[in-house]
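Number of protein chains: 2
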Amino acid sequence: MLTYHAQLELRKYIARYLYQSRGVECSENQIIIGAGTQYLLSMLCKIVGRELVYGIEEPGYNRVRFIFKEYGQVVKPIPLDQNGINVTHLKDSKVKVVYVTPSHQFPLGMVMPISRRLELIEWAKETGGYIIEDDYDSEFRYEGKPIPSLQSLDSNEKVIYMGTFAKSLIPSLRLSYMVLPSKLLIEYNKHFIGYVQTVSRLHQHTLKLFIETGQWSRHLNKVRNIYKKKHNALLTAIRAHMDGKVKVMGSGAGLHVLLEPKNNMTERELIDKARKQGVLVYPVSTFYDQPPHQECPQILLGFAGLDENGINEGVQLLSKSWF
Amino acid sequence: MLTYHAQLELRKYIARYLYQSRGVECSENQIIIGAGTQYLLSMLCKIVGRELVYGIEEPGYNRVRFIFKEYGQVVKPIPLDQNGINVTHLKDSKVKVVYVTPSHQFPLGMVMPISRRLELIEWAKETGGYIIEDDYDSEFRYEGKPIPSLQSLDSNEKVIYMGTFAKSLIPSLRLSYMVLPSKLLIEYNKHFIGYVQTVSRLHQHTLKLFIETGQWSRHLNKVRNIYKKKHNALLTAIRAHMDGKVKVMGSGAGLHVLLEPKNNMTERELIDKARKQGVLVYPVSTFYDQPPHQECPQILLGFAGLDENGINEGVQLLSKSWF
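Chains as they are written, first to last, in this note's numbering: chain A, 78 to 400; chain B, 78 to 400.
Take these hints with a grain of salt, some might be off.
Intra- or inter-copy, both count: the list cannot distinguish identical chains.
What the hints assert, rightly or not - Simulated crosslink set (PhoX-like; lysine-lysine; CA at most 25 angstroms straight-line):
1. K397 - K306
2. K123 - K153
3. K267 - K153
4. K339 - K235
5. K146 - K267
6. K153 - K202
7. K324 - K299
8. K171 - K306
9. K146 - K123
10. K397 - K339
11. K235 - K153
12. K350 - K260
13. K305 - K168
None of these hints come from the bench; they were simulated from the model.
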């Protein structure tokens with residue numbers, strides 16, 4: 078029979094996985110499982126405190142910005158530089174809680190180097206602020222050594238670590254998690270005692286068995302290899318069909334890259350022309366709080382759902398539609 | 078491949094089922110699927126409007142009261158009489174949105190007669206208020222003819238109908254739904270465009286197939302029969318072992334009854350003594366906003382998880398512990 082234990086047990090396996098893969102140190106009790114990142118962040122808003130200023134990367138994940146605003150927070154966009162969120166700007170803001178995606182910035186794709194991570198942790202220590210570290214696609218890194226998570230580098234319990242099985246396993250499970258520092262865990266337990274949890278226990282139990290029997294780590298190795306091949310096929314195809322005509326950004330990790338075609342088309346034109354050739358690409362302007370005017374706008378390109386031939390064909394069609 | 082269509086399709090089947098079983102008239106677009114009743118009610122709070130007075134049955138479902146308070150609403154307990162919520166009291170309150178469980182009041186178990194339903198609908202029409210009709214266990218009615226749902230009786234689009242697969246199928250799916258009147262649907266679509274849905278699509282797809290192939294209605298007939306037998310076994314056992322010593326309330330529908338043992342024990346004593354005999358029974362005082370002083374408190378007894386022998390044995394043990 079499936080009881081509440083299914084959830085507890087899954088948490089134990091997630092804790093072990095996070096320690097081994099990302100150096101995240103936590104007990105299973107610190108892990109909160111919920112139906113998606115938005116749902117977890119809505120909980121977090123209630124326990125971190127109302128009427129604080131929340132910082133979000135500019136550009137950043139729009140669905141997160143939406144949730145912060147929805148839960149009555151003041152949201153401040155913080156500019157990025159080539160290393161991710163700009164801590165100087167952060168210091169000049171009144172931000173108390175900052176949301177970042179250091180493993181593979183969403184959407185621009187840069188990986189935050191360790192120096193910037195330490196700077197960010199120092200900011201939290203000095204200001205008493207919190208860092209929300211969303212490691213949404215940290216499983217997929219194709220070049221270089223992985224950089225330790227912010228949570229593992231911080232010794233002041235200022236980092237809330239978030240992860241999901243949406244990218245690494247299957248989006249339709251609706252299973253994400255966050256790791257709360259102990260102070261916030263106390264608040265959580267006070268506040269959410271009347272809440273029923275939101276994730277299918279059947280799925281939790283299945284996932285627990287999947288991890289327990291070693292299939293999860295085999296799955297990860299397998300898909301990491303597959304996505305790496307697809308990622309490389311994408312870069313090869315871009316070099317073959319659009320060399321010199323586009324700038325590629327955010328490669329080396331994750332399941333998408335950005336393209337900046339040098340053809341002076343607007344974002345709308347780029348998307349529409351691609352669609353006419355049957356290729357779906359996505360705008361980047363939606364991820365800005367204040368979309369900048371760009372002579373050459375960027376376009377988001379996902380590659381996880383196509384095979385290598387499909388990727389090559391898709392890039393050829395894009396080239397045809399844009400140049 | 079599982080796409081967004083899985084959700085759309087499931088909604089079509091739910092709409093058909095609700096029409097056939099409860100006379101609920103709606104298009105599939107009016108059906109919102111979410112990870113539990115609490116989650117759906119939190120959405121509803123955002124679109125019905127803030128700072129309204131919400132009415133809830135006294136006693137009523139505590140997890141619902143909790144959510145209304147959590148989302149910043151003023152919550153007013155409305156007394157019940159033998160027909161359910163007292164509409165005279167409701168009229169004297171400033172309530173704009175009232176939450177009711179007419180098929181089987183939770184926890185007291187009365188079924189709201191049609192006259193009261195019409196009175197309630199009239200209240201909504203006169204005051205411009207909304208009725209949330211939570212039909213959480215309407216599938217299980219063992220005596221008499223089912224009474225039409227409030228949603229089917231109302232012609233002013235003032236009823237938000239809610240249901241769940243937690244009682245009728247399996248709680249661990251975390252799959253509930255609500256049917257929005259068209260005016261609220263417009264608000265919903267405006268407000269929640271940035272939200273990702275919260276229910277496993279795998280489960281949605283499985284459930285769609287389950288309904289489509291006729292297994293859902295076979296399942297319902299089967300479990301209705303099983304629960305009816307258990308329900309009758311419970312009442313028989315109570316007559317056999319505690320005749321004249323307890324008052325039974327809320328029988329005839331649902332998956333629980335209330336017992337009022339005439340032994341002048343406190344609620345705590347009743348629960349503790351039962352537990353010592355290995356029988357789990359539940360307090361009713363938790364469902365009150367203001368628990369009344371009762372010389373003979375009521376105890377909630379679930380019977381769905383036991384077989385008929387277990388039920389008989391359990392009642393014997395209860396009798397032993399209480400008398």
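* Asked: Checking K305 and K168: alpha-carbon separation at most 25 angstroms within a copy, between copies, both or neither?
  -> The answer is neither: 37 angstroms in one copy and 65 angstroms across copies each exceed 25 angstroms.
* Using 25 angstroms as the alpha-carbon threshold, which applies to K397 and K339: within, between, both, or neither? -> within (14 angstroms within a copy, 84 angstroms between copies)
* To do: Check K123 against K153 for me: Cα-Cα at most 25 angstroms, and say if that holds within a copy, between copies, both or neither.
  => This pair counts as both: shortest intra-copy Cα distance 18 angstroms, inter-copy 23 angstroms.
* Go through the copies and call it for K235 and K153: within, between, both or neither, with a Cα cutoff of 25 angstroms. => within (19 angstroms within a copy, 39 angstroms between copies)
* For the identical chains here, do K324 and K299 meet the 25 angstroms Cα criterion within one copy, between copies, both, or neither? -> neither (29 angstroms within a copy, 63 angstroms between copies)
* Check K146 against K123 for me: Cα-Cα at most 25 angstroms, and say if that holds within a copy, between copies, both or neither. => Both ways: K146 and K123 sit 13 angstroms apart in one copy and 13 angstroms across, limit 25 angstroms.
* Asked: With identical chains treated as interchangeable, where does the CA-CA distance between K153 and K202 reach 25 angstroms or less: within a copy, between copies, both, or neither?
  -> within (20 angstroms within a copy, 44 angstroms between copies)
* Asked: Between the shortest in-copy and the shortest cross-copy C-alpha distance, which are at most 25 angstroms for K350 and K260: within, between, both, or neither?
  -> neither (51 angstroms within a copy, 37 angstroms between copies)
* Asked: With identical chains treated as interchangeable, where does the CA-CA distance between K171 and K306 reach 25 angstroms or less: within a copy, between copies, both, or neither?
  -> neither (43 angstroms within a copy, 64 angstroms between copies)
* When no copy is named, should K267 and K153 be tagged within, between, both, or neither for a Cα gap of at most 25 angstroms? -> between (29 angstroms within a copy, 23 angstroms between copies)
* Asked: Checking K339 and K235: alpha-carbon separation at most 25 angstroms within a copy, between copies, both or neither?
  -> neither (42 angstroms within a copy, 55 angstroms between copies)
* Using 25 angstroms as the alpha-carbon threshold, which applies to K397 and K306: within, between, both, or neither? -> within (24 angstroms within a copy, 70 angstroms between copies)
The earlier numbered hints that this structure contradicts are 4, 7, 8, 12 and 13.
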